[in-house]
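2 protein chains.
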Amino acid sequence: MGASPAGPTYAASGVDRAGVSRSLSELLRAVRYRPPPRHGRVVPLPGHYAGLIRIGRETIAVTTDTVGTKVLLAEEAGRWEEVGEDVVGANVNDLAAVGARPAGLVDTILCVRPDPATFGAIGRGIDRGLRAAGCALLGGESAVVPSIVKGIDLGGTAIGFFPRGRAPVTGDRIRPRDVLLGIRSAGLHANGFTLVRKLLSEAAIDLRSPRAGATIPLAQELLAPTRIYTRAVDALASRTETHGLAHLTGGGVRNLMRLHDGVGFVLDRWPEPPAIFDYMQRLGGVSDEEMYQTFNMGIGFVLVVAPDHLAETRRRLARAGAPDAVPIGRVERGEGVTLPSLGLSYHGYA
Amino acid sequence: MGASPAGPTYAASGVDRAGVSRSLSELLRAVRYRPPPRHGRVVPLPGHYAGLIRIGRETIAVTTDTVGTKVLLAEEAGRWEEVGEDVVGANVNDLAAVGARPAGLVDTILCVRPDPATFGAIGRGIDRGLRAAGCALLGGESAVVPSIVKGIDLGGTAIGFFPRGRAPVTGDRIRPRDVLLGIRSAGLHANGFTLVRKLLSEAAIDLRSPRAGATIPLAQELLAPTRIYTRAVDALASRTETHGLAHLTGGGVRNLMRLHDGVGFVLDRWPEPPAIFDYMQRLGGVSDEEMYQTFNMGIGFVLVVAPDHLAETRRRLARAGAPDAVPIGRVERGEGVTLPSLGLSYHGYA
Chain A
1 MGASPAGPTY AASGVDRAGV SRSLSELLRA VRYRPPPRHG RVVPLPGHYA
51 GLIRIGRETI AVTTDTVGTK VLLAEEAGRW EEVGEDVVGA NVNDLAAVGA
101 RPAGLVDTIL CVRPDPATFG AIGRGIDRGL RAAGCALLGG ESAVVPSIVK
151 GIDLGGTAIG FFPRGRAPVT GDRIRPRDVL LGIRSAGLHA NGFTLVRKLL
201 SEAAIDLRSP RAGATIPLAQ ELLAPTRIYT RAVDALASRT ETHGLAHLTG
251 GGVRNLMRLH DGVGFVLDRW PEPPAIFDYM QRLGGVSDEE MYQTFNMGIG
301 FVLVVAPDHL AETRRRLARA GAPDAVPIGR VERGEGVTLP SLGLSYHGYA
Chain B
1001 MGASPAGPTY AASGVDRAGV SRSLSELLRA VRYRPPPRHG RVVPLPGHYA
1051 GLIRIGRETI AVTTDTVGTK VLLAEEAGRW EEVGEDVVGA NVNDLAAVGA
1101 RPAGLVDTIL CVRPDPATFG AIGRGIDRGL RAAGCALLGG ESAVVPSIVK
1151 GIDLGGTAIG FFPRGRAPVT GDRIRPRDVL LGIRSAGLHA NGFTLVRKLL
1201 SEAAIDLRSP RAGATIPLAQ ELLAPTRIYT RAVDALASRT ETHGLAHLTG
1251 GGVRNLMRLH DGVGFVLDRW PEPPAIFDYM QRLGGVSDEE MYQTFNMGIG
1301 FVLVVAPDHL AETRRRLARA GAPDAVPIGR VERGEGVTLP SLGLSYHGYA
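Just so you know, the protein sequences line up as chains A and B, in that order. Numbering-wise (our numbering), the first sequence opens with residue 1 and increments by one. Numbering-wise (our numbering), the second sequence opens with residue 1001 and increments by one.
Each hint should be verified, as a subset may be incorrect.
Claimed, not checked - The calculated lysine to aspartate or glutamate pairs, modelled on EDC-like cross-linking and capped at a C-alpha distance of 20 Å, are:
1. B/Lys1198 with B/Glu1312
2. B/Lys1198 with B/Asp1172
3. B/Lys1150 with B/Glu1221
4. B/Lys1198 with B/Asp1261
5. A/Lys150 with B/Asp1288
6. B/Lys1150 with A/Asp16
7. B/Lys1198 with B/Glu1076
8. A/Lys150 with B/Glu1075
9. B/Lys1150 with A/Glu75
10. A/Lys198 with A/Asp278
11. A/Lys198 with A/Glu221
I should point out that these hints are in silico values taken from the structure, not numbers from a laboratory.
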């Protein structure tokens, strides 16, 4: 990963991405087995947002993700609905990134002790997320494991499918001159919280008060649940002019490289990030480079669209609940992701 | 839950089942949303082993489970392959309990720090499990979260399907006079380890030595991976004489009640449990009642079969890798699970 020359980085805050990457390679190297076709046909899509498998006449997409260290902020604030909603959002947005419509979710809660009020709040958040995504709860696992976890861990797995006539959107149709349309995020979503917590603790910030310029307590602002892009994407994913779909999670703008590694993504119209990002950046003197590869910086989802369909796509997005989709850049020959106005350039996703 | 009159119980060892049950009810009460049919049709099967959803012309089954506190034993012994295999086994056996054939698995590893050797060993175990089940790895999530976990947590989610002509086996066809066929377990599998660890630590047992009568170190004996019943069940699940399928996990023989609550399961031919169970029981003076509702006691999977198909079913199981399936009891009018020879009787699964 490209560490910033100065200031705190995500790696230094406790997340050893290179170590994870090395360890994951070891795991994947060991898993050599490929089942016979009568058990389903895997659609190879390494490094993408979802696993795809053909079962009979359907293609099923599977995503799995946890809320990560955002739960620690939930615990401090005693607010659990937001992270409940994040379990759904983190997973269904990854489904959206291959153009899949969510069908079902299973959740996993690991805890030190089961508390009915906490579980109830998590349930209300999950319910809100499912409503936004049009997704069913298919089951879950709750384990009381005080010897394994310190507080609560919250994760889930979502399965999705492709309505008749829709093929998975993998990004392979992306080509130079395509337009990048960005849809706003609702805040930090559920990424970068290891760094957030480090910055807050070093500056001894009181989470119960609003930051300067805000009206709600900082904890509440930071906990704002992941915006769910399902309905917006569902309105576009069957259309051939939709060439690529990216959910900006951990890794920030680097996520675009998961769609196609033979083109350059030029972000020359990135909108002013919301004030919360500026606040976090100033708190610890974090570099621009680190900010844009850790947080969503105000854009949670990107559509890569054929240039002659830009206006039409924006109209469709507006009707599907995303009137705030704006052009943020374009595809060029080359490789990597660049933000010319900040002099930033990223190469490689992991 | 029915606590035993004396001796250690699973609840006392740290797992507050009633608390989990109350908390889960709160969560489920809050999740009220039911999606429209164009997002898939959920097949209601509350309390069963898997969630089922109809997507287009396929029915997809989803299970999610963790290895639980068995990972702590893996850590002590420095052996990770077995629990890697358990991630697969715990999930695909739950798929087998509704008659679904596994298609894909996603794993979740939460850790304090990523270690390539550990991840490699987990991967080798996952590979072995996938081979035994005929299942593909579809993806996974690895999170380095030292602020959430103490060691490693290992879990997964599996999706399965029903080959042409096969309906889910839910247990609704179970009726009095059906025969219960039990297939041997490979040891403790991945359940009851919170109690196991308590018993071992109170008796200050050295895990590196074999127990009396055994030839391998106790740690290795306890870590023996979950037997995978996929191929055996796959040979029977399409047949109408197969009335019910039960994976004996946490809850032991109580699991049978998940299949049908309007009949009694009489276990009057339960085979002598392997010595490891007797060893654990004596170590802490655990009651029979607690043993049979916490461990698999030597039988990891049960098939409920029409009585006139017993011999034929055993032949089919033998050809599918389970020559050791034996009659362990029968279905009667009534309710609950009884073990007459031990004077045990259980009412209710949770």
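Cross-check of the supplied hints:
no.: 1; hint: B/Lys1198 with B/Glu1312; verdict: violated (43 Å)
no.: 2; hint: B/Lys1198 with B/Asp1172; verdict: violated (38 Å)
no.: 3; hint: B/Lys1150 with B/Glu1221; verdict: violated (24 Å)
no.: 4; hint: B/Lys1198 with B/Asp1261; verdict: violated (33 Å)
no.: 5; hint: A/Lys150 with B/Asp1288; verdict: violated (33 Å)
no.: 6; hint: B/Lys1150 with A/Asp16; verdict: holds (17 Å)
no.: 7; hint: B/Lys1198 with B/Glu1076; verdict: holds (14 Å)
no.: 8; hint: A/Lys150 with B/Glu1075; verdict: holds (17 Å)
no.: 9; hint: B/Lys1150 with A/Glu75; verdict: holds (17 Å)
no.: 10; hint: A/Lys198 with A/Asp278; verdict: holds (16 Å)
no.: 11; hint: A/Lys198 with A/Glu221; verdict: holds (17 Å)
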